[in-house]
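Residue strings, one per chain:
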Amino acid sequence: MKETDNGARAPRKEIKKVLLLGSGALKIGEAGEFDYSGSQALKALKEENIETVLINPNIATVQTSEGFADKIYFLPVTPYFVRKVIEKERPDGILLSFGGQTALNCGVRLYEDGVLEEFDVEVLGTPVQAIMDTEDRELFVEKLDEIDVKTIKSEAVADVEGAVAAADRLGYPVIVRAAYALGGLGSGFCDDREQLVALVEKALSFSPQVLVEKSLKGWKEVEYEVVRDRFDNCITVCNMENFDPLGIHTGESIVVAPSQTLSNEDYHYLRKLAIRIIRHIGIVGECNVQYAFDPDSMDYRVIEVNARLSRSSALASKATGYPLAFVAAKLGLGYGLHQLKNSVTKSTSAFFEPALDYIVCKIPRWDMGKFHGVRREIGSSMKSVGEVMAIGRTFEEAIQKGLRMTGRGMHGFVENKEVSKDDIEKALKEPTDMRVFAIATALRHGYDVETIHQLTKIDRWFLEKLRHIVETGRELAGYDDIADVPFDLLRTAKRQGFSDFQIGRALYGNQMNDRSEELSDKVRAHRKQLGLVPVVKQIDTLAAEYPAQTNYLYLTYNGDQNDIDYERDGRSVVVLGSGAYRIGSSVEFDWCGVNALLTVAKEGYRPVMINYNPETVSTDYDMCDRLYFDELTYERVMDILELETPHGVILSTGGQIPNNLAVRLDASGQNILGTQAEDIDRAEDRNKFSSLCDSIGVDQPRWRELTSLEAIDEFVAEVGFPVLVRPSYVLSGAAMNVCSNEEELTRFLRLAANVSKKHPVVVSEFIQQAKEIEMDAVAQDGEIKLYAISEHIEFAGVHSGDATIQFPPQKLYVETMRRIKKISGKIAKALHISGPFNIQFLAKDNDIKVIECNLRASRSFPFVSKVSKQNFIDAATRVMLGTQVEKPGKSAFDLDYVGIKASQFSFSRLQGADPVLGVDMSSTGEVGCIGDDTNEAILKAMLSVGYTIPKKSVLISSGGARQKVALLEPARKLHRKGYTICATEGTHRFLSENGVPAIRVYWPNEEDSPQLLDMIRAHKIDMVVNIPKNLSDKEISNGYKVRRAAVDLNIPLITNARLASAFINAFCELSIDEIGIKAWDEY
Amino acid sequence: MRISAKTANFARPIQKSNMTEKKKATLVLEDGSRFEGVSFGYEQPCAGEVVFNTAMTGYPESLTDPSYEGQILVTTYPILGNYGVPSPDVKDTDGVSEYFESERIHCEAIICQEYSDEPSHWQSERPLSEWLKEEKRIGLSGIDTRKLTKLLREKGSMLGKIVFGSDDEIDFYDPNRENLIDKVSTKEVREFGEGDKHVVLVDCGTKYNIIRCLTRRGVKVTLVPWDFDFNTLEWDGLFISNGPGSPEFAEAAVEHIREAMKGDKPICGICMGNQLLGRAAGAGIYKLKYGHRGHNQPVLMAGTDKCFVTSQNHGFAVDNDTIPADWEPLFINLNDGSNEGLRHKTKPFFSAQFHPEASSGPKDTEFIFDKFISML
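These protein sequence lines are chains A and B, in that order. The first sequence begins at 213 in this note's numbering and counts up by one. The second sequence begins at 374 in this note's numbering and counts up by one.
Simulated from the structure, these hints should not be mistaken for laboratory data. Don't be surprised by glycine CBs; every beta carbon is placed ideally from N, CA and C. Any given hint could be a false lead.
[Stated by the list, open to error] Calculated cross-link-like contacts (lysine-lysine; reagent style BS3-like; alpha-carbon spacing at most 27 Å):
{"id": "1", "chain 1": "A", "residue 1": "LYS553", "chain 2": "B", "residue 2": "LYS593"}
{"id": "2", "chain 1": "B", "residue 1": "LYS679", "chain 2": "A", "residue 2": "LYS484"}
{"id": "3", "chain 1": "B", "residue 1": "LYS528", "chain 2": "A", "residue 2": "LYS553"}
{"id": "4", "chain 1": "B", "residue 1": "LYS570", "chain 2": "B", "residue 2": "LYS593"}
{"id": "5", "chain 1": "A", "residue 1": "LYS558", "chain 2": "B", "residue 2": "LYS523"}
{"id": "6", "chain 1": "A", "residue 1": "LYS740", "chain 2": "B", "residue 2": "LYS395"}
{"id": "7", "chain 1": "B", "residue 1": "LYS509", "chain 2": "A", "residue 2": "LYS558"}
{"id": "8", "chain 1": "B", "residue 1": "LYS395", "chain 2": "A", "residue 2": "LYS558"}
{"id": "9", "chain 1": "A", "residue 1": "LYS633", "chain 2": "A", "residue 2": "LYS429"}
{"id": "10", "chain 1": "A", "residue 1": "LYS355", "chain 2": "B", "residue 2": "LYS679"}
{"id": "11", "chain 1": "A", "residue 1": "LYS553", "chain 2": "B", "residue 2": "LYS662"}
{"id": "12", "chain 1": "B", "residue 1": "LYS523", "chain 2": "A", "residue 2": "LYS553"}
[As the list claims (entries may be wrong)] Just so you have them, the derived chain B footprint on chain A, three or more residues with Cβ under 8 Å:
{"id": "13", "stretch": "438 to 451"}
{"id": "14", "stretch": "545 to 556"}
{"id": "15", "stretch": "668 to 675"}
Here chain A stands alone, though its shape is the one from the complex:
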């Protein structure tokens, strides 16, 4: 047997410097997984002593931290800027497959435009042609036809008529897909012509080509992660099976790994196909093959191939312990798989396929409640904002853990507040974000597995397992007290993933409403007495065949031996992670957690992490000494702390989830490092915090907690409109709202919320035209050591997570700054803060009020740390470990450049959602860019979150009188720059009166033309500035239609006058080629 010549090709030249493209801001369909894959790639390059250059405007990521890349550019990942960086840096090679679709699309453009050739930059890993073969549906189908691999045949059409004709030929239902789109953007199922027309119109606005294909609803969906090196050696690292059948995007599905319902024959049939495909396409690195698989035969279709690292590959890496991105980067440099070592055993080969001895379950995290008007159905396009991964040794255990991890108030599969049983069949048949709970309800109400299978097409195997959980819950409910429950039943319940709370709820029912902690503790104490405790198992890639050198761990009740021997030397420090990414908590807390781990290690302690989000770097097992990929519930954290007996636990770098555990962990005698639980509680509890503010003379907006509509009216009479209303129980829609008149208040309280003794409403005075200012700081024993003050571009009223933030502030009075420092100092002292904290202020004139105080790191910590080049988390962690931290010199706060943090919205994915900003957060991600002045930083930041500089015409529809005035100067600038301004009635009149020419356009409810919507649809408008005036019905429906059309047709939309002014100023005063191409370290 002779070695065959397989065209093995090492990189053409010696690679000394490599450019890596990141994925930019987190958005639906493209989230933290690319921070993980990029970080891994950078580590792999560093190991080879290759100089690395990274372009990624996402300042909150770990990959854009010191020590990961040699040069970091906080610039948009667009062909223009990447070309500029290439011109300047002259890298030898470029990596395109680690930054999601954003990087891939950008790379393809650079290749097509000849930029890579011009500057002799070699694409490392998968060749660009192979990428294009997988990205263009038609090429893809042709390519697989060549090797007789079946794809879902589709017809490419360029117009609506073509789509209708194609669907008639294929037969409904059909699926529509837009080519070159992120995670299914513009895709969907259509049951009839009407639905088809609507969807195709929209899809065509994103993509010149739309594909219509026959739907295979009800088939299984199975994925393989495949790796190939330049020697043609191939492995499949992992396969995964979707719990939800085809029809639901894999990002929206519950997914298990490895597959559970495939026979050996099925498994290897699809595996072999995957390898044939990767060889034929010519991938060098990693790719993912998705199949539709007939549940009643071995018929299959290939759904798609992603020739890059993906959400699934990040999940597969975490599910198996096989570092796909790291290995893919090495393969791109020319290594063979057999020349690399398994990173877990460090002795065996990286050419192998992991054997799992556990099951993982991924569950998406949705946040539909955060968006006005969004449709809750899930389907072929992604809406989830994050995901969790749970590990167990039974499916029951894994899914119950996972459902708790999603953090949506659920305790597992059962023992939850029951979802409505009104229309179970509909809930089963038409999946929403709540479907899995509808299955629980159905099982409890006597539906059998077969019926549920027919309605959902979910494989009976999964449903049988879920039935076990319901049965066990029912058996537990037959007892009144934990002491009466037979040992075997209790053990079965724990092995099926029941939490102490769930067992308590099954036993004690409604008594749990008021005494949940006490009764859960009783369950806990009882089972511990019986010796019923979880064991720690290692994820070792080889199912115990070889010893693991890394501590990648999970806890399970399905086993009786710990894999770990504990030192019990009090040198461990446990850092709690931030859980699933969701609106308001994402990659920034991962950065905080990772930095805490690094400092813990530097200070000579053993860093230990608990987290369960597969999209993160903190769950990379080489970031700490022990990684527990497990729950952040009180129960599980206590299980781990009891095993670890650590020096202490850090809660303040993981956002709100760990912070909420403070009081209970403290009561259980755990050593919370840094600010103490009692003080955390004094900041978190609204009443306690108010009295504290009163006692130290700090002003707050007036607020009251009210339990009746009359009381609310009285309070409003006192403070006046507008008011901010925060119900404790929300029926639908957003949890917070600003009401500016009686009508709005009544509507909101009657329709959206419930007001009663049990469900009080917090009403606060809402100060208009006020600046919002943030203080991010680190204190030690109540004394501030490090601080950063930043200001919002928008006036108060836009959630701080959605606002555009400027640091250092450019337009604050010195007096304001001084007073903010003073107030912060008082609060730090009063709360004995030791560690990170954040205070939000309102400032109007020099009147300053505190609106919020969090005794933990905030979302803006990575931003201010990187802009100021002072690592706030490092300092905070040293404080928490008891090291005396020195204040930096005064000059540290004197920066001669500006940082802007801008928000990324994902409204285009959220069908129906009103893309308007309010007091509740709705952005999914952010960027942070640095410039020599505000204009430059704003321009970079806005371009980084997907805005484009308008070419010709701008629509202004500017809401109330104040907004109109605010936009007058910017409008004048637009006009002077030669832009055509289109304006709706009021704005048009105002602009004309003030000498700014504009074209009058008409609202949808007006008869004349030009109709605004038509102009948007015809792409005759390049940017929409629409400032909602109020919440009246007419305004909402007109404005909504325009805003939604802009989002659906991918036209930049701004809904805030101050942000619009800032952006217009920036692009009128600075042209794109005047933007400086400067790396972070050049500031």
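Based on the hints, put chain B in the right spot on chain A.
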């Protein structure tokens, strides 16, 4: 391709409790370790050599693989039985079962963490437990199989027994002291397939898929007992199968192979076949500490950059250091460097320690059959 049929055996009463009476049983190892679990198969004590397999699928194939004769199989994948058991009645034109690797279950018992009694697969005819009961084989679940595997990794494969009450129910039994090959080999000469070329397959405990892989390539196969003197027959190629236990017992086969090696006709061996070829050539054999059993064993084709993921199931290996001068290693295990195949430097003799016929496991090395056929 298999026949598509919807099985309608899923209707079962929802009232069924999780806690139905399950018989407890205990695995006792020769070092005194004890693992208590519950029985899901036939209830009768058994004894054998305890080995672990890291494959995540393929229990019907493994259970019927004659190489597991006398062994107690521990599956490291914790959940077992998910896709049930296919029908034994589906056979090809030669009367060879489509789904199984022999006519019966060979291992003594199968051990897992969690047994899944509600299978779901269109080819499933019944749950695994029913099959085990019919074949009088033991199933044990509720065992910390990771703990057990680590123990076997550290101490090496051990003897063990499964008892339902007292430890005295059965004695330990060492299958490696017995000629297991003789126990599982065919007693008569049988013929399969049709073709111009004729291959003799020496049955040391062959898996059906070796027969299928040969006949589907258009050759006639004569299956002969392990100690049959095939040199008395006319053949174009000789194939030596896999088989259980120690190669020490197959001296008769080694003699016959040595005789055949005097000629120039192609000879190929798999697993036990690799070891017998090695012994015939003069190489030494040793017992691995805990063997290679799984679907993810990486092998490198010696002297190349070509690697393959292979299915393996063996406890003995050829000693690379004892390979005679006119032979060389064909494949090497990437994890531990052990021998994974041999080839003669000039003659068409070669072998693989792994299973190119897979079943269960990856099929990446089926080219070995193509190679063999092309030499005929």
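Comparing the hints with the structure gives:
no., hint, in the structure
1, A:LYS553 x B:LYS593, "44 Å, violated"
2, B:LYS679 x A:LYS484, "17 Å, holds"
3, B:LYS528 x A:LYS553, "25 Å, holds"
4, B:LYS570 x B:LYS593, "6 Å, holds"
5, A:LYS558 x B:LYS523, "18 Å, holds"
6, A:LYS740 x B:LYS395, "25 Å, holds"
7, B:LYS509 x A:LYS558, "43 Å, violated"
8, B:LYS395 x A:LYS558, "42 Å, violated"
9, A:LYS633 x A:LYS429, "25 Å, holds"
10, A:LYS355 x B:LYS679, "25 Å, holds"
11, A:LYS553 x B:LYS662, "22 Å, holds"
12, B:LYS523 x A:LYS553, "21 Å, holds"
13, 438 to 451, "holds (count 5)"
14, 545 to 556, "holds (count 3)"
15, 668 to 675, "holds (count 3)"
Hints 1, 7, 8 from the list above are not met by this structure, while the remaining hints are.
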